[in-house]
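Start from the sequences, fold in the hints, and give me the full structure.
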Amino acid sequence: MSTAATFSNQCQFQPQHVTEEGDGLSEIYLCVLWYGGELGIVYYDTGDCSVYFMSDSPDNEDLKLLQRVVDEVSPKCILSSAKQDSNIAKFLTKIDTTEGEKPEGGKLEVVLYPNMDFGLEVSKQRILSRQFPFVPSHMTATEKILYLSSILPFESPLVLRALGGLLKFLDRRRPGVELEDSHVVVPILAFKKFVLTDTVNVDQDTYCVLQIFKSEVHPSVYKQATGKKEGLSLYGILNHCRCKWGEKLMRLWLMRPTSNFTELNKRLDVIQFFLLAQNHETILTLQECLKNIKNVPLILKRMALSNTKVSDWQALYKTVYSAVCLRDKCRSLPSTIELFRTISHVFTDDLHYIASLISKVVDFESSISENHFIVRPNVDPIIDEKKRKLVGLSDFLTEVARKELDDLDSRIPSCSVIYIPLIGFLLSIPRLPTMVGKTDFEIEGLDFMFLSEEKLHYRSARTKELDSLLGDLHCEIRDQETLIMYQLQSKILEKSAVLSDVIEYTAHLDVLLSMAVMARENGYTRPSFSHAHIIHIKDGRHPLIELCAKTFVPNSVDSSETYGRIKLLTGPNSSGKSVYLKQVGLITFMALIGSYVPATEAEIGPIDGIYTRIHSRESVSLGLSTFMIDLNQIAKAVNNATENSLVLIDEFGKGTNTMDGLSLLAAVLRHWIAQVSQCPYIFVATNFHSLMHLKLLPHTPLMQYLTMDTHQDGDELVFFYQIKEGMSTVSHAANIAALAGMPSKIIDRGVEVSELFRNGKPIQRTDHPSKEKQMQNCKSLVDKFLSLDLDNSQVDIKEFMIQEVLPSSASIL
1 MSTAATFSNQ
11 CQFQPQHVTE
21 EGDGLSEIYL
31 CVLWYGGELG
41 IVYYDTGDCS
51 VYFMSDSPDN
61 EDLKLLQRVV
71 DEVSPKCILS
81 SAKQDSNIAK
91 FLTKIDTTEG
101 EKPEGGKLEV
111 VLYPNMDFGL
121 EVSKQRILSR
131 QFPFVPSHMT
141 ATEKILYLSS
151 ILPFESPLVL
161 RALGGLLKFL
171 DRRRPGVELE
181 DSHVVVPILA
191 FKKFVLTDTV
201 NVDQDTYCVL
211 QIFKSEVHPS
221 VYKQATGKKE
231 GLSLYGILNH
241 CRCKWGEKLM
251 RLWLMRPTSN
261 FTELNKRLDV
271 IQFFLLAQNH
281 ETILTLQECL
291 KNIKNVPLIL
301 KRMALSNTKV
311 SDWQALYKTV
321 YSAVCLRDKC
331 RSLPSTIELF
341 RTISHVFTDD
351 LHYIASLISK
361 VVDFESSISE
371 NHFIVRPNVD
381 PIIDEKKRKL
391 VGLSDFLTEV
401 ARKELDDLDS
411 RIPSCSVIYI
421 PLIGFLLSIP
431 RLPTMVGKTD
441 FEIEGLDFMF
451 LSEEKLHYRS
461 ARTKELDSLL
471 GDLHCEIRDQ
481 ETLIMYQLQS
491 KILEKSAVLS
501 DVIEYTAHLD
511 VLLSMAVMAR
521 ENGYTRPSFS
531 HAHIIHIKDG
541 RHPLIELCAK
551 TFVPNSVDSS
561 ETYGRIKLLT
571 GPNSSGKSVY
581 LKQVGLITFM
591 ALIGSYVPAT
601 EAEIGPIDGI
611 YTRIHSRESV
621 SLGLSTFMID
631 LNQIAKAVNN
641 ATENSLVLID
651 EFGKGTNTMD
661 GLSLLAAVLR
671 HWIAQVSQCP
681 YIFVATNFHS
691 LMHLKLLPHT
701 PLMQYLTMDT
711 HQDGDELVFF
721 YQIKEGMSTV
731 SHAANIAALA
741 GMPSKIIDRG
751 VEVSELFRNG
761 KPIQRTDHPS
771 KEKQMQNCKS
781 LVDKFLSLDL
791 DNSQVDIKEF
801 MIQEVLPSSA
811 SIL
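As numbered in UniProt numbering, residues 1 to 813 make up the sequence shown, in order.
No lab work stands behind these hints: they were computed from the structure. Do not take every clue at face value.
[Said to hold, decoys possible] Pairs of lysine-lysine residues, derived as DSS-like cross-links and limited to a Cα-Cα distance of at most 25 Å, are as follows:
id	residue 1	residue 2
1	94	144
2	798	779
3	214	168
4	94	64
5	654	266
6	318	387
7	94	318
8	64	248
[To be verified] Label pairs and their in silico Cβ distance ranges:
id	residue 1	residue 2	range
9	301	179	48 to 54 Å
10	396	83	57 to 63 Å
11	244	121	43 to 49 Å
12	560	179	41 to 47 Å
13	332	173	41 to 47 Å
14	483	396	24 to 30 Å
15	363	288	23 to 29 Å
16	64	391	39 to 45 Å
17	494	447	46 to 52 Å
18	745	121	19 to 25 Å
19	447	473	42 to 48 Å
20	341	288	35 to 41 Å
21	142	262	45 to 51 Å
22	704	244	28 to 34 Å
Cβ atoms here follow ideal geometry from the backbone N, Cα and C, with glycine treated the same way.
This is the structure:
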C-alpha cells in the first residue's frame, strides 16, 4: 500500500504491537491531556513509525476512557503536562506506583513537561514546520494546512496540543534513532486515526450537520452573554432525564456510540420492558426517585475537606433514601434484565446504614434555621446536658441581673446580663448623660470591658462566677457537634464506594427511561443487529423533521451486497434528498447508542464510522469556500472509511467549475467501486445528471440509482417526497424557481437559454438590436464615410473616428 493511502487508515486497535521484521515488540509513547471534561490522546508507535490520534472525547472525573486507552495501548511511557487537574494527577500517580511493571518487563514511565510545551499555537507551529514524508514538498504553507486538515482533527484543540508536546518529546528522547547523527529526526511515516474497540467514529462535522447537538443562545436577557440552551437536536428530543448524571451520561453515549451488539441489546431490553403498558406506573415511580439523586461526588469531596454544608447533608440523605427506594423497586422487577439485577445487587445495605446514620444524627430542622450542623437530641449526653443548661439560662440570667441592679448606683435605671461567645458573661448597663469620658465609665466593683451601641459592658463578681460555673457553652456545644460531624463524615466516607455505584447505575436507568418515554411518545421501534453487512430500514422517518412538519412521508433503506452498497440519489431541489440522507444517518446513529428508532423495522450491520459531506451554517461560517469544505470532508471519508463505514454525500462539487466537480465526484465513486467487497455504505445525492448521461461510472451491482418521485401537473410540480428506483432526467429548475418566487419573465428567459444550450444552438442577447435596426445603423455609417472630404485639409480623421465611427460601431456589433 502506498504512503498516501497509509497515512490515514482508521485503526481499530490491536493490543500487541510487533515490528514488521518480527524481532520484538514495538514501543508506544503516549501523550495525554485532560481539560474541562475532554480528553486528548496521541501516541507514537515505533513499530510502524506512525502517530495515532483520537479526537477530543468526553471523559468523566473517574477517567474510565483514559484507563481503557492505557489498557489497550500498553504504553512504555506516558507524557503529560506538569500543570494539570488533580484527577489526572492522581491517575498518573496511581499508574506510576501501582501499575508500573509492564507485562513484557520494564517500568512504565510517566514524564511531565512544562505546560508551555503544550500551548495551542506553539503546537500548531511545531506540526506545520515539521517535514513529513507523505506531505508533498512543493506545497505552500496554506496548502500544507489544508492538506493536513484532511488528516488531523484541527477542530480538536487538545489533540493538537498533545501532538505538539509529543513531537517535542520525540525530538528530545529520539526513540529508534538514538545512535544516529543529531540531524536525523524520529521518522513519522503516517498519521492514523485511533478508535477504541467497539467505538464508532463520528467526527464533529457529522454531529453538526445531523443536528445531534445544537446549542443556541439563551432567550433570557440575563443570559445573552454566556447562557446556552439546547436547540432542535437529537439530544434535545431524547433528553427527558430527571437527574444531572443521566443528562451527562446521555451526552456521553451520544459522543461515544458503540458497535458492541451485546451492550446495545442490554440497553434495548430495558427500553422494551418500560414500553409495556403495565409498566407505566413503574416509570413514574422510578423517575420520581431519580429527581432526588444529587451531586454526590461534590458532597464527598467537601466531606474529605471537612467543608460540608447543611444543604449537602440534606442532598445526601435524599440521594441515599431515593437510592434505597430504587433498589427496592428494581428487586421487584425481572432479574433477567441485567440493569435491574445489577442495581439490586450493588445497591447494598450500606445505603441503609448511611441513611440511618444521617437521620439519627442530623437535626435538619434546627440545622436549616441555624445554618450550621446541629445534632439531634439523645445522640450525645454531653451536648444534651449543655443544651439543657442553655434552655434555663435565660430565666437564670434575668434573676442575676435583678440582683446586680440592687447593688448598682440608684442613678442606673436598668441592667442586663448577656452572653457573648468566646468572651463570656457580661453586665450591660445603659450609658448615662454624665458618662462622657473613659474615666466616667469606671464603677466600683466592676471591670469595664467595652462600649457598644451606647451600652457599657462590665465584668462583675457574679459574671465571673458564671464563667467558671457555666463556661463557654455555645462554643463547647459547637465544638462537640463539629466533632460528631467529623465522625459521621468518616463513617460515610468509609462506605462511599456504594455511592459511586449509585451515581453510575442511576444514570444508566435515567437515560434508558428517558429513551423509553421518547419511544412511546413517537412510536419508535426496536432495531435489530446483524453481523452481515446490511442497513435495512423500513418506513424510516427523520426524528427532527417529523416533529416540525404537519405530515411526513416515510422512506425505506436497503443497503447490502444484494441491494447495492452505493446509492446514487437524484431529483429536483426541495424534493427531500438531503432529508433522506440525514434520516439514514440519524436512524443508524440512534441504533448505535441503544435507542429505539423512528421506523417500523430496522436492521443494522457492523458500523465503525459515520462520515458526512453535507453543508451546515456552522461549516459555511468558517470562512472557507464551499468547495474547500467539500474537499476537506470528502478527504476524511476517503482516507478513513472502511467496509463498515456509512458515508453520506450531498451535492458534492458546488462552488467550483461544473466539470471539475463532476470529475472529482466520479473519481471518488470509482475509487470506492474498485474496492468491491471493501466498499463502505455510500449514499450520494447529486444534481450532476451528466454522471449518468456521460456514463462516467461503470455498470456494477454495487450501484443502485434512486430518485425522489415527482409529478408535473401542467406548470405545477408536485412533490411526493417518496424514494423510488430510477434516475431523474430533468432538474425542474424552472418550477423550483417559481416556487421560490422568481419573476416569470426571468424564468421564461432561463428556460429559453437552457434549451438553446442543450441543443447546441447560438444564444442571442435579449438587449441586441433587430436586423432592420442594424441595417439602418450600417447605412448611416456608410453615408458618413461617403460624405467625408479627404481632400479637405481641415478634416481631422482621428477626431472623425472617435466622434462618429466608434459610437455607431458599438450599436452595430
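Status of each hint after checking the structure:
The suggested pairing of residue 94 with residue 144 is violated, with an alpha-carbon distance near 40 Å, which exceeds 25 Å. Between residue 798 and residue 779, the direct Cα distance comes to roughly 21 Å. Compliance with the 25 Å bound is thereby established for this hinted pair. A hinted pair counts as satisfied when its Cα atoms are at most 25 Å apart, and residue 214 with residue 168 does not qualify at roughly 36 Å. A threshold of 25 Å between alpha carbons decides the hint, and for residue 94 with residue 64 the separation of about 14 Å falls inside it, so the pair holds.
For the suggested pair residue 654 and residue 266, the alpha carbons sit about 44 Å apart, so the restraint of at most 25 Å is broken. Of the supplied pair hints, the one linking residue 318 and residue 387 is violated, its CA atoms being roughly 28 Å apart against a limit of 25 Å. Among the hinted pairs, residue 94 with residue 318 is inconsistent with the structure: their alpha-carbon atoms are about 33 Å apart, more than 25 Å. A threshold of 25 Å between alpha carbons decides the hint, and for residue 64 with residue 248 the separation of about 14 Å falls inside it, so the pair holds.
Evaluation of the 48 to 54 Å hint for residue 301 and residue 179 yields a pass: the beta carbon distance comes to about 49 Å. Distance hint for residue 396 and residue 83: a CB-CB separation of about 60 Å, consistent with the stated range 57 to 63 Å. Remark: the range hint 43 to 49 Å for residue 244 to residue 121 is contradicted by a beta-carbon distance near 35 Å. The supplied range of 41 to 47 Å is broken by residue 560 and residue 179, whose beta-carbon atoms lie about 54 Å from each other.
Taking the beta carbon of each, residue 332 and residue 173 are about 59 Å apart, not inside 41 to 47 Å as hinted. Against the hinted window of 24 to 30 Å, the Cβ-Cβ separation of residue 483 and residue 396 comes to about 27 Å, which satisfies the hint. A beta carbon spacing of about 26 Å between residue 363 and residue 288 agrees with the range 23 to 29 Å that was offered as a hint. For residue 64 and residue 391, the Cβ-Cβ distance of about 53 Å falls outside the hinted range of 39 to 45 Å, so the restraint is violated.
Range check, residue 494 to residue 447: about 50 Å between beta-carbon atoms, so the 46 to 52 Å window is met. About 55 Å separates the C-beta atoms of residue 745 and residue 121, a value inconsistent with the hinted range of 19 to 25 Å. The hinted window of 42 to 48 Å between residue 447 and residue 473 is violated, with their beta carbons roughly 22 Å apart. Between residue 341 and residue 288 the Cβ separation comes to about 22 Å, which falls outside the hinted range of 35 to 41 Å.
Between residue 142 and residue 262 the beta carbon distance is about 47 Å. The supplied range of 45 to 51 Å therefore holds. Between residue 704 and residue 244, the C-beta spacing of about 46 Å breaks the proposed range 28 to 34 Å.
Violation of the numbered hints given earlier is confined to hints 1, 3, 5, 6, 7, 11, 12, 13, 16, 18, 19, 20 and 22; the remaining hints are satisfied by the structure.
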